[in-house]
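Asks: Those protein sequence lines, which keep their order, are chains Z, P and H. Counting along the first sequence from 1, when you hit position 370 you're at 370 in our numbering, and nothing is skipped either side. Counting along the second sequence from 1, when you hit position 67 you're at 67 in our numbering, and nothing is skipped either side. Counting along the third sequence from 1, when you hit position 1 you're at 1 in our numbering, and nothing is skipped either side.
Hints were generated in silico from the structure; no laboratory data involved. Each hint should be verified, as a subset may be incorrect.
Pairs of lysine to aspartate or glutamate, EDC-like flavour, derived with a Cα cap of 20 Å [unchecked claim]:
| id | chain 1 | residue 1 | chain 2 | residue 2 |
| --- | --- | --- | --- | --- |
| 1 | P | K83 | H | E253 |
| 2 | Z | K204 | H | E54 |
| 3 | H | K222 | H | E54 |
| 4 | Z | K230 | Z | E158 |
| 5 | Z | K230 | P | E12 |
| 6 | H | K20 | P | E84 |
| 7 | H | K20 | P | D41 |
| 8 | H | K53 | Z | D203 |
| 9 | Z | K371 | Z | D262 |
| 10 | Z | K310 | Z | D262 |
| 11 | H | K276 | H | D306 |
| 12 | Z | K376 | Z | E334 |
| 13 | H | K105 | Z | D50 |
One side of the interface only, derived from the structure: several residues of chain P facing chain Z at Cβ under 8 Å [claimed, not checked]:
| id | residue |
| --- | --- |
| 14 | E8 |
| 15 | T9 |
| 16 | V13 |
| 17 | P15 |
| 18 | V19 |
| 19 | P22 |
Positions of the beta carbon are idealized from the N, C-alpha and C atoms, including for glycine.
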Amino acid sequence: MGKRVGIEVAIAAAEAAALCRFDMAAVYPITPQSHVAEHLSDIVNDGRVDATFMTVESEHSALSAVIGAAGTGARVVTATSSQGLLYMSEVMPIASGMRLPIVMIVANRAVSSPINIWNDHSDIMPMRDTGWITFFSDNGQEAVDMVIQAYKVAENREVLLPVNIMMDGFQLTHMVEPLIMPDQEEVDRFLPPIVPYATLHPDKPVSMGTLAMPEIFSEAQKAKDVALVKSIRVIKEVWKEWEAQFGRKYEPVQTYRTEDADVALVTMGSMGETAEVAVDALRREGVKAGLIKIKLWRPFPFADLKNAVKGIRVLAVTDRAVSFGGPGGPVCSEIRSALYDEPARPAIVNYIIGLGGRDVQVEDFIAMVKKAAGGKLSEPYEFYGVRG
Amino acid sequence: MSDKKWPETWQEVNPGCMVMRPGSASEYHTGSWRAKRPFWDKVKCIKCGLCYIYCPEGCITEDADGFFEANLDYCKGCGICAKECWTGAIAMANEEG
Amino acid sequence: MTTLTSSPKIIENFDLYAPKLVSRQEFFSPGHRACQGCAEALAIRLMCKALGKETVITNATGCMEVISSLYPTTAWNLPWIHVAFPNSAAVGSGVEAGLTSLRRKGRIPDKRVKSVAIGGDGGTMDIGLQALSGAMERGHDMLYVCFDNEAYMNTGIQRSSGTPFLASTTTAPAGKKIPGNQVWKKNVMEIMVAHNIPYVATASPAYPIDFMNKVKKAREVKGPAYIHCLVTCPTGWRSPSETSIQLGRLAYETGVFPIYEVEDGKYRFTLPLPVKRRPVGEYMKSQGRFRHVTPDQIKTIQERVDIEWEALMIKIESSRSRAEIREQLRK
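With the hints as extra help, turn the sequences into a complete structure.
Replies: As structure tokens, this is what we get:
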């Protein structure tokens, strides 16, 4: 049945991993992920989950260690942010290339320099091409649900890819929110024990992480890409099962009041909730505003996005990261690319918002929509609210 | 031997390029690398087994009489066995002897 | 003072005497693409014999990983994983954590499977040092073996912290102005001893029985152990392929590479000491990487080898194990 609790979201995410009965965890602390790491260690040291817990000496070693354990067939978890994620970036494509069902919780934080410990998406954006399935949670409930769903998706025999779950650092991780924490019995029913594809064990020796000459490398990469692209089918199935069992619905792209929308905001992450309030306020003013929230970043939900934008005149895409010297925000450039070949497509404007924890309020979203009504900004992408 | 034809299609590649066939490197015969090969003099050989120990390929084996010989499919002709043999029972020479 | 590996109370004595008594099982199959005369490939082969079947190997990026795991084949008859260059100790400690958890929870058979991480001097002493220190410090039941061929051989013989003084490498070459590597080899053994792990040892495939005994001993340790194995690289050392074992012997007989173990903090030699150490010039003369070294420079090297040897002798003579110290304090 689950229990309604008021809980800090980072702690709740760790609790969700505990419900999944992980066998091994390796973490290195970094603000604002540290409450996840600390609470995982509380869970293990109190004996609530039977697991080996490693306080490793760096994030690179954290991901390396969980790869080793996942190779033996253990269910694993790790977590990080920002510089830590970048430090493990060498190992990110290796985890997906080796097709290991690792689950990682990321408390999104800005990447240096200058150093900034507050929230934006500049840590996950460089990881775009590393082959990981990536979920964005908007609130505590989604964070909890997505951690559990992640294991089921990752371990599916047709997927066998690592999954990471995004939670906006501080702005989500450190919020105390009311949410339904599932029961152990419910989660056990939803998520059976892991059945690994192959394991490191002398009774049946295999070699993992071999060398692929140019002759075969491209085939290996295509196989990985196809697996990631096709995984959207499994993700949607898992989300359907989740809805049937727990009553909460998940879609790769969620729309809010877009049925007759003229201008729609696009968000990813917890700002979506603020944007919802702005859409309601705009509607009361008579502005036909709508909102599109992206929950699945990789594999990119092309079909769902194309469906969501039908009939909308202008998209105001908000990005919490910028591709320096490039086409602006990553989300916007991906949306533009996704819609390029469509015979009818909305005008698209791009706002870079909320970098390094900069607060984005309801009034800001309202202003962004009104400014976007013309279908074009004065620049290809605008750093919203930046002085000067 | 693998039942898949080489080179594999992308559908055939094992997930993560895992290799499920331990010791399958022996399908590749490194013997084609060598210039010289070892010859054992059974008069001098004291059957100590040092040549077997020191072979980096692990291709020297003991026969039924306790003498040793190199598997020519793999012998790279490095000459360590000949150099280390205590009694000088091994000589490196061209294939024909 | 000559001390063979004696029988300390905590760790069993594994005295093999003859090559013919060594297990015939090959865990590292022929067909691997190592160079002719590669002493590292030999050392791997011997190490696996000593470890036996119940082992999982974690391999850093390097020669051995590249020559043994060309998809779709593998030379390994053991479970094996390679991830990246700096992290074999981290991955190996994760393997150990995974196996420990799964065995405790009854998901894998209830038998001891040893996690063994291996790497070259690059993957251990330089880029891999952080992960090694972390793994050893955390107390995992894990053996780490460094196969030291004294340069980053796989990428083309570049200088590492294991490169000996004045050796010519491709990034510290014997040039007209600067004659090769300008600093002394890093003493990673002392770093490992400082981690207070139960067992640390040096070894060489030139002394195969001693090496295999040490691997067996390290395997029995219920905690971290480290073995540093000097291995000749004929390609990088520019030496004839048949002299790979002879050079390993000379490294020992000249005192350039002492062979000893440190058990619970107590230093001891494990092989009969040479009556008189041979001059270092004998070791260096057939190696192309030392071709440019002048007689004066050899004298400098000899002096430093003598100093390091004396420093080690002091530890051999006066070190005491923690167990001994504990006994003494209790009196």
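Asks: Mind listing which of the numbered hints don't hold for this structure, in increasing order?
Replies: none
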